[in-house]
Amino acid sequence: MKFAIAVFCAAHAPSSRRALLFARAALAGGHEIVRLFFYQDGVYSASNSVVVPQDEQDIARQWREFVSAHQLDSVVCIAAALRRGVLNEEEAMRYQRSAVNLDAPWELSGLGQLHDAAQAADRLICFGGP
Amino acid sequence: MSKSLLVISRQAPWSGPGAREALDIVLAGGAFDLPIGLLFLDDGVFQLAPHQDAKAVQQKDLGANLQALGLFGIDEVFACHHSLAERGLTTPASAQPLDSAAISQLIDRYDQVITL
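Read top to bottom, the protein sequences are chains A and B. Residues 53 to 182 (the numbering used here) make up the first sequence, in order. Residues 171 to 286 (the numbering used here) make up the second sequence, in order.
Read the hints as simulated data drawn from the structure, not as lab findings. Predicted model only: the values in this text are computed from it and were never measured. Ideal Cβ placement from N, Cα and C applies to all residues, glycine included.
If we take Cβ atoms under 7 Å as the criterion, some of the chain A residues that face chain B in the derived model are:
| id | residue |
| --- | --- |
| 1 | Gly164 |
| 2 | Ala170 |
| 3 | Gln171 |
| 4 | Gly181 |
| 5 | Pro182 |
Throw the hints in and build the complete structure from the sequences for me.
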């Protein structure tokens, strides 16, 4: 089955970890992930400036490694990310900000990518939200 | 044929960017001519309250975005009747009120659902 996965919560939220476990299980079960889309506070799940205590799970890092290892199409909503200070080099330069906390394997793009993924997938699975 | 998407908006307009971001999904879908529905549920129905003064809480008014729904071809706009009544709101002109049985049917009718 083809899955589109949307994440609406930060890496420290339990549902971000659940989304990661779901994504791993989907691939392990022979399914396809057409795209991961990070929206609202989900953009924090893609931030590479998250630091966690040594005895806690670093979910942001695990996301990054998982996406890189499987070369998944992973989009962070640009409007949601800018609002929350999650910037790649290009956007940091554009808005003259000193911090860059988003790089490969993430791509910044618009909400059209969420709709496109939902259309291409058999199932849209959402994690997080109110 | 395109898959249909129901966005369930559950956040009050003053509670953060949630309401605006839910609406942005709807408008983006409309821009792509996708079959999109919007249901206001729980505190989301506050987005439909009349005479709002967003400036008083130093926010931007969501009203203009809501009015844009028609322009983006979004005609399927609903509000939970129970949520409206619970908050003392009258039925708005811009959204069709639904009881819980009708909401269940509505969710069944759409291929995909996003709740924000």
